[in-house]
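Letter by letter, the chains look like this.
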Amino acid sequence: MPLRDPGLYDYLPYDATRPKITWPNGARVAFWVAPNVEFYELEPAKNPTRGAWPKPHPDVVGYSYRDYGNRAGFWRMLESFDRCGMRGSVSLNVAMCEHHPEIIEACAQRGWEFYSHGTYNTRYMLNMTEAQEREVIQDSIDTIKKHTGQRLDGWLSPALTYTERTLDLVADMGLTYVCDLFHDDQPSPVKTKTGTIASIPYSLEMNDTIAYNVNLVSPRAYGEIIKRQFDRLYEEGAESGTVMCIPLHPYLVGWPHRIRAFEEALRYITGHDKVWLATGREIAQHFIKHHLADFKRASLKVGEAP
Amino acid sequence: MTGMPPEYLQYPMRRYGMDHDRYDWSMLPRRKPVTWPGNARVALWVIPALEWFPIDMKGKPFKPPGAMQTAYPDLRHYTLRDYGNRVGIWRIMKALDRLGIRASAAANAAVVARYPALIKACVDRRWEIIANGVDMDHLHYTGLPIEEERKQIETTLSVLQRVSGQKIRGWLSPAKSQSHATLDLIAAAGLDYCCDWVNDDMPYAMRAQTGALTAMPHPIDIDDYTILLQNHHSEDEFTEQLCDQFDVLYDEAATQGGRIMAISLHPWITGQPYRIGALEKALTHMVQRKGVWSATGAEILDAWKAQQ
Numbered sequence: 001m002p003l004r005d006p007g008l009y010d011y012l013p014y015d016a017t018r019p020k021i022t023w024p025n026g027a028r029v030a031f032w033v034a035p036n037v038e039f040y041e042l043e044p045a046k047n048p049t050r051g052a053w054p055k056p057h058p059d060v061v062g063y064s065y066r067d068y069g070n071r072a073g074f075w076r077m078l079e080s081f082d083r084c085g086m087r088g089s090v091s092l093n094v095a096m097c098e099h100h101p102e103i104i105e106a107c108a109q110r111g112w113e114f115y116s117h118g119t120y121n122t123r124y125m126l127n128m129t130e131a132q133e134r135e136v137i138q139d140s141i142d143t144i145k146k147h148t149g150q151r152l153d154g155w156l157s158p159a160l161t162y163t164e165r166t167l168d169l170v171a172d173m174g175l176t177y178v179c180d181l182f183h184d185d186q187p188s189p190v191k192t193k194t195g196t197i198a199s200i201p202y203s204l205e206m207n208d209t210i211a212y213n214v215n216l217v218s219p220r221a222y223g224e225i226i227k228r229q230f231d232r233l234y235e236e237g238a239e240s241g242t243v244m245c246i247p248l249h250p251y252l253v254g255w256p257h258r259i260r261a262f263e264e265a266l267r268y269i270t271g272h273d274k275v276w277l278a279t280g281r282e283i284a285q286h287f288i289k290h291h292l293a294d295f296k297r298a299s300l301k302v303g304e305a306p
Numbered sequence: 001m002t003g004m005p006p007e008y009l010q011y012p013m014r015r016y017g018m019d020h021d022r023y024d025w026s027m028l029p030r031r032k033p034v035t036w037p038g039n040a041r042v043a044l045w046v047i048p049a050l051e052w053f054p055i056d057m058k059g060k061p062f063k064p065p066g067a068m069q070t071a072y073p074d075l076r077h078y079t080l081r082d083y084g085n086r087v088g089i090w091r092i093m094k095a096l097d098r099l100g101i102r103a104s105a106a107a108n109a110a111v112v113a114r115y116p117a118l119i120k121a122c123v124d125r126r127w128e129i130i131a132n133g134v135d136m137d138h139l140h141y142t143g144l145p146i147e148e149e150r151k152q153i154e155t156t157l158s159v160l161q162r163v164s165g166q167k168i169r170g171w172l173s174p175a176k177s178q179s180h181a182t183l184d185l186i187a188a189a190g191l192d193y194c195c196d197w198v199n200d201d202m203p204y205a206m207r208a209q210t211g212a213l214t215a216m217p218h219p220i221d222i223d224d225y226t227i228l229l230q231n232h233h234s235e236d237e238f239t240e241q242l243c244d245q246f247d248v249l250y251d252e253a254a255t256q257g258g259r260i261m262a263i264s265l266h267p268w269i270t271g272q273p274y275r276i277g278a279l280e281k282a283l284t285h286m287v288q289r290k291g292v293w294s295a296t297g298a299e300i301l302d303a304w305k306a307q308q
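Those protein sequence lines, which keep their order, are chains G and A. Positions 1 to 306 (this note's numbering) are the ones given, in order, by the first sequence. Positions 1 to 308 (this note's numbering) are the ones given, in order, by the second sequence.
Isolated chain G (complex conformation) (with noise of 0.2 Å):
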């Protein structure tokens, strides 16, 4: 039977009775970027519940699209990074590590964090058995470790293909942090099998696909709409710290004609004193040492549905 409430995490309102969440320094917003650094197989194996290409194969207009991003847009994206003192956190499909090794160097280099995003975009959790799910995730820990020597802590399924079991999975096998939970501004417990671990927030409404492909926002609104969200989101902190993430792919941001109003966004945010420029680990780190056990106590059983 499926489930009508995932029940992975309690009711806590978005009001005074919240326990406050301090940063570092007493930054206001915890603001952290993630790019999407993805690998799309042009002739992926099939799944029987998701096919990857909606054209028939060989989809070149869906392939070559994204693949833009790792030829061009990643690069011109790095700069912007680099000229606002960014470092990213990598949604990563780890098999880029073997396509596109001088990618995964120029963000170790520069201190970014890596987190996994499956193996590829064009392979999903759908169907999956358990120990197949363990199987893909025990890759990512490996790939991730033997490239980078990073240990993984974070996790976004793969073109967010989940099965009920997934986040459990992640939890047991000694992730701390998932961003596939969209319920909240501030980071909260996830209710896991083996224990509570956290959500940190990432964003579908400030992920440039959904900005750009799906709300069909140009790429200068774009830009207002990322200032009209910190701009909320640090006055808010002022009471309790925020969390504020943009989204990114390469394959879209990276374009000439977006990357402009994008930087001047970034820059914008990144100029502000109260801001903590983070990385998605560094956060769930934070929460997890400082406030999960405060936000687990303060949350409120959630009641049966009718």
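If you're looking for bench data, these hints aren't it; they were derived computationally from the structure. For every residue, glycine included, the Cβ atom is placed at its ideal position computed from N, Cα and C. The reader is advised that the hints may include incorrect statements.
As the list claims (entries may be wrong) - Take a look, some chain G residues computed to stay more than 12 Å from chain A by CB distance:
#1 Cys84
#2 Gln109
#3 Asp180
#4 Asp185
#5 Lys193
#6 Glu205
#7 Arg220
#8 Ile225
#9 Lys227
#10 Ser240
#11 Ile288
#12 His290
Said to hold, decoys possible - Quick partial rundown of chain A residues pointing at chain G, CB under 7 Å, derived from the structure:
#13 Asp196
#14 Ala208
#15 Thr210
What the hints assert, rightly or not - Computed beta-carbon distance windows for the label pairs:
#16 G:Leu216 with A:Gln161: 38 to 46 Å
#17 G:Pro2 with A:Gly277: 31 to 39 Å
#18 A:Arg207 with G:His183: 26 to 34 Å
#19 G:Pro2 with A:Arg207: 57 to 65 Å
#20 G:Thr270 with A:Gly277: 51 to 59 Å
#21 A:Pro6 with G:Pro2: 33 to 41 Å
#22 A:Gly277 with G:Gly303: 55 to 63 Å
#23 G:Gln150 with A:Asp21: 29 to 37 Å
#24 A:Pro12 with G:Gln150: 41 to 49 Å
#25 A:Lys167 with G:Thr129: 55 to 63 Å
#26 A:Lys58 with G:Leu216: 51 to 59 Å
#27 A:Met27 with G:Glu236: 27 to 35 Å
Dock chain A against the given chain G, drawing on the hints supplied.
Relative to the frame of chain G, chain A by itself:
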């Protein structure tokens, strides 16, 4: 739950570089910088599409952008698309003439055969003609018998060459749709470059069974169809995005070598009276800058190739 077959967790193409052999992995900023004629920073390449959408479209295996939408006979969409060949392109031509820009027209063979006067006007202006297939209802796709696909390419090239008198060097598949055989077939037909892949800002080498082919940048995210029709942005935003694209490429060229500003246009969209000004404004912004080389695709290709 039996789970996925074991192959789903096996990755035979997980290796350095690409997961296929059509082209090599290459990073834009790490390539040898290119110098354009006259030390230009940006090659300005304007590519209007001359498309014919038959009113009895089958839409196989999918409907291309701009296809018929209402019940047959869909006079409304048929005639609005044809407006591009009858009025829109002439308005664009006038704008380009005034700005001293020569274009590469990507033409369906059907347009060339039906409206030779239009092709003559292109040729008189020393525009290049790019092959854009038979018409917008003859897509190239896996499942189309290879002999039929080969014939579509031959028909396209013979009509274009006969009417234009040009040796056709560039190929754009209708709706950028390819079969697994398309690259091999167009290379075998003697074409030099292909505009279907949208993964780069510069040309790059592709492999075909029967020879070499160059991919030329022909972006979709800054074309009139995407910005105006799909994204519903305003005409002013169309101008802004073209100018923003150009400005970044122009600045990049100072340190990374020559860049290409490729603008794909659909005369049935941009050739409307209320839209043409948005294009003129953007192009004026570009040609006013020093170091902008207006060129055809074949001219850009030759300049690039000579430096590889």
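Structure-inconsistent hints, enumerated in ascending order
7, 14, 15, 17, 18, 19, 20, 21, 24, 26 and 27
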